[in-house]
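A.B. asks: Here's the letter readout for the chains.
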Amino acid sequence: MRIFSFTVFFIILNFLQSEVFAHGPTRQKVSQSMNVNAEIMMVWKIISNFKEFNWNPEIIETIAESNNVGSERVLKFKDGKKITQKLEKINEEKKIISWRITETDNDILPVNSYGAKISVKLEEDGTTNINYKAGFYRGFMGNDPPEELNDENSKKKVSKFIKKSLEGLKKIAEKN
Amino acid sequence: MQKRINFFFIFFFFCRNLASVDNFENDIALITNQESHKLDVIDLKKKKKIDEILVGKKPAGIIVDNLNRKAFISNPGSHNVLEIDFLKKSKKFYESGPSPISIFLTKDKTQLFASNWYDNTVSLIDLKKDKIIKKIVVGNSPAGIFVDYENNNLFVANRESNSVSVVDISKLKEVKRIPVESAPFGVFSEPYINFVFVTNVQSNSISLIHKKNLNVIKNIKVEKWPYQVAYDKENNKLYVTNQRSNSISIIGMKKKKVIGTIDDVCEYPEGIDISYNENLIIVACWFEDNIILLDLDTNDLVKKILVSGGPRAFGSFILENGK
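Protein chains in written order, with the numbering used here: chain A, 1 to 176; chain B, 1 to 323.
The reader is advised that the hints may include incorrect statements.
As a list, the in silico DSSO-like pairs of lysine-lysine whose alpha-carbon atoms are at most 27 Å apart [to be verified]: (1) A/Lys89 with B/Lys257; (2) B/Lys49 with A/Lys133; (3) A/Lys86 with B/Lys224; (4) A/Lys29 with B/Lys257; (5) A/Lys117 with B/Lys221; (6) A/Lys156 with A/Lys170; (7) A/Lys86 with B/Lys49; (8) A/Lys121 with A/Lys45; (9) A/Lys29 with B/Lys49; (10) B/Lys303 with A/Lys29; (11) A/Lys29 with B/Lys48; (12) A/Lys155 with B/Lys224.
Derived DEER-like restraints, expressed as beta-carbon distance ranges [stated by the list, open to error]: (13) A/Val69 with B/Asp295: 28 to 36 Å; (14) B/Leu306 with A/Lys51: 31 to 39 Å; (15) A/Val74 with B/Glu25: 54 to 62 Å; (16) B/Asn299 with A/Glu65: 57 to 65 Å; (17) B/Lys134 with A/Glu52: 34 to 42 Å; (18) A/Ser31 with B/Asn299: 22 to 30 Å.
Source of the hints: derived by calculation from the structure; they are not laboratory data. Note that the structure is predicted; figures quoted are calculated from it, not measured. By construction, the Cβ of each residue, glycine as well, lies at the ideal position given by its N, Cα and C atoms.
My request is simple: use the sequences and hints to build the entire structure.
C.D. replies: See the structure below:
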């Protein structure tokens, strides 16, 4: 019994230690999907309009050059914070768009090398499926990050941002 | 009591499933998965996953010892290297430096180099003595490594120094630091070619370093964020995975220029290796949590195979059949 207890104790200790001493930035990913009861072309029109990101309710203004690949947009948030994104790819036929963050605000999205991709497809029941994916590193790239910039918190904030964006998109698309 | 505890501790790890790779009839791809903390075992003839093995934390790098039927895996999250012996069906952990990324065996397979991302060193681990016998200071954030047995040199990509360190392995000292382009991460080569290939992530290029004169002879532009290189010895071509472009660049080594691109291979293609027995290119797709098999001649997709989560496969990961 004592041996068994010790074994269990050391197994648990092993896992705990691994977490406590875990170092090094590991690339994170977030992927969320949502079905919207709206025409696919209408949904795609909203998403592919890079100049406008008003479907995330936290963004109060989008300033952008154009909807062409290479264009940059500045997203302004309620509290004056800003994030800059660059349009990387847009495929009208496959209905896929991707962008990257070139400048972030760690209070909103504590990330490095952030890339996002949204794909839209028609479901069998006539609804439209939106898949929003992001790959990134945490806000602090060095060893021993402060809590707000660690893997867990960075992932949490990206997940929240994507969730809000998808919910906002659903609201706008289904209202039209 | 301590012995008993150790016994059970070791028993716990040895109990993990190592029964899968026991006949050695087929080529096997060994895929490190940074999110699931597992090594996935893929039978390339059957084209399916046959097993998964728990390794250390956040496994990334891998090197295979075909002769002794072993694989070594770097675990940056638990600061160690795991040896898996498929003949003895055993596992053994070796302490490395902080956050080991890339690993490479010495010619006699008794020692192992590991690059330590956070303390700017490369450890030399003696596998028999089970200890680090030397730490060699290199540039900042060392990542990919390769040992040129013929010229006794170890090449190390220093990601944050934009350079490659050359370490004389008979003296265990850095003898040259070669400037390359921006953010070098991967270093690859084979014994039968004259060049070492370096992936420069931020400048989207590959540097070719001559193994003898240790100079960069050419920088070749590829697509966004090149990660890893596989050299096709039968067709004298290089395949380069470009993470951010979701593509593979093909470089013809005769003229040393890009001769083609495979677009839309998968999302975040990373580790890449070749199975000549099965005529396949194997690519780890980090974002999609799968690996893809491409025909080596036509580059057409043969199959996608789901893996356990966050495949990196940074290094040589094909355990060739034992026939």
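A.B. asks: Now look at each hint and say whether the structure bears it out.
C.D. replies: Structure-based check of all given hints:
| no. | hint | verdict |
| --- | --- | --- |
| 1 | A/Lys89 with B/Lys257 | 25 Å, holds |
| 2 | B/Lys49 with A/Lys133 | 26 Å, holds |
| 3 | A/Lys86 with B/Lys224 | 14 Å, holds |
| 4 | A/Lys29 with B/Lys257 | 33 Å, violated |
| 5 | A/Lys117 with B/Lys221 | 24 Å, holds |
| 6 | A/Lys156 with A/Lys170 | 21 Å, holds |
| 7 | A/Lys86 with B/Lys49 | 38 Å, violated |
| 8 | A/Lys121 with A/Lys45 | 13 Å, holds |
| 9 | A/Lys29 with B/Lys49 | 23 Å, holds |
| 10 | B/Lys303 with A/Lys29 | 23 Å, holds |
| 11 | A/Lys29 with B/Lys48 | 25 Å, holds |
| 12 | A/Lys155 with B/Lys224 | 24 Å, holds |
| 13 | A/Val69 with B/Asp295: 28 to 36 Å | 31 Å, holds |
| 14 | B/Leu306 with A/Lys51: 31 to 39 Å | 38 Å, holds |
| 15 | A/Val74 with B/Glu25: 54 to 62 Å | 59 Å, holds |
| 16 | B/Asn299 with A/Glu65: 57 to 65 Å | 36 Å, violated |
| 17 | B/Lys134 with A/Glu52: 34 to 42 Å | 58 Å, violated |
| 18 | A/Ser31 with B/Asn299: 22 to 30 Å | 27 Å, holds |
The structure does not agree with the numbered hints 4, 7, 16, 17 stated previously, though it agrees with the rest.
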